[in-house]
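Participant: Protein chains in written order, with the numbering used here: chain A, 1 to 111; chain B, 1 to 113.
Calculated from the structure, these hints are not laboratory results.
Treat the hints with caution; some may be incorrect.
Within a straight-line C-alpha distance of at most 25 Å, the following computed DSS-like cross-link-like pairs (lysine-lysine) qualify [stated by the list, open to error]: (1) Lys-56(A) to Lys-26(A); (2) Lys-7(B) to Lys-26(A); (3) Lys-7(B) to Lys-69(A); (4) Lys-26(A) to Lys-69(A); (5) Lys-69(A) to Lys-98(A); (6) Lys-56(A) to Lys-70(A).
Sample of chain A residues at the chain B side, in silico, Cβ under 10 Å [said to hold, decoys possible]: (7) Arg-41; (8) Gly-42; (9) Thr-103.
Partial list, computed: chain A residues near chain B (C-beta under 8 Å) [stated by the list, open to error]: (10) Leu-43; (11) Ser-71; (12) Tyr-97; (13) Tyr-99.
Even for Gly, the Cβ is constructed at its ideal location relative to N, Cα and C.
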Amino acid sequence: SQQGEEDPQALSIQEGENATMNCSYKTSINNLQWYRQNSGRGLVHLILIRSNEREKHSGRLRVTLDTSKKSSSLLITASRAADTASYFCATEAPGTYKYIFGTGTRLKVLA
Amino acid sequence: SAVISQKPSRDICQRGTSLTIQCQVDSQVTMMFWYRQQPGQSLTLIATANQGSEATYESGFVIDKFPISRPNLTFSTLTVSNMSPEDSSIYLCSVGQMNTEAFFGQGTRLTVV
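Looking at chain B on its own, in the form it has when it is part of the complex (with noise of 0.2 Å):
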């Protein structure tokens, strides 16, 4: 099992800004992908982040509105630029192994005003 870490837990922010979310996994994992939530819908999987090289993102997500960092095993951390009330979601951060269980913190709840 893993035991994920997300900071911070909820943020209200301005149009325009920049936040980034940290995540801590308390054991080395070699997958970890960012998810997002966006009120009363399912989870969408923005990237896997890719220690040692670039995030690998999914169709609709770019590098330049959410760049994602994955300097070690255990950490990882996601940026979301120029924000706008759209960007509103909840960010989730996720770690597993090839035909196991995923783990997933606890989540930052983002409101952009």
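With the rest of the complex left out, here is chain A (with noise of 0.2 Å):
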């Protein structure tokens, strides 16, 4: 089952424009992590954000997470050509220490 759901379900933009996806969940959770996927590939793993933090930011990445409307958002400033994949929320409720994944966001990132 997935805890979640993300949107845009798929985003198309051009090179060097920001990249917003969107995650809500339905449970209270301890963390909520992104992950990139490349064409069916391994996940890389890009951010993790626990319940008492509202920001983070990694390099051209930014994750707000706002547990009152038991949301979150990736922005991804500045895309590349490198940065199509599919994008994945995954939340861990607790004291379950299982992650339960979006829907995901597929981003394709025109050159």
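Using the hints, build the complex out of the two chains.
Facilitator: Next comes the structure, spelled out in structure tokens:
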């Protein structure tokens, strides 16, 4: 089962533009992680944000978390063609250790 | 961090047969998980592999179809039994500790013909 939904399902932008993806989830969480997956290959971990954090940055990535709205967003600034991939959020519910994935956003960056 | 090795990386199997996927971690971990990713879809958790006890399955997954072994803290297997084309997916092993990054193997790409 999916914990949450991501929107948009697909996003196509020009190189240099910013890309924003949103993740909504259903239950309380310990943390939320964002992953990237290129063409059905392995998952690359991007950022983990804990429930007591509101914003985190890593290079061109910015993640926000609003636990009152049960939502998170991933912003990729100055996108590159190499950012073309599927992006997933995954949430860990308290006491469970396991991660439940969102539906994912397919990002295409056009050169 | 943890390094996860999954074998095989891919396989093509006949319907009605079974395939066992192995997951080896380079350090002892408490929690190991198995996921399925159907074509074009997100990851769905199949089960939590518990060391020393039976696996805990998520809704929609049963032990007869996906038996799991966890003989020690660094190794687990997932068997996909009596396969049909609908079982064609990527199967991923994952490990994690509470409130830290989850690590994933590279996955096993299974095609059932």
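Participant: Of all the hints given earlier, name the ones this structure violates by number, lowest first.
Facilitator: 2, 3 and 11
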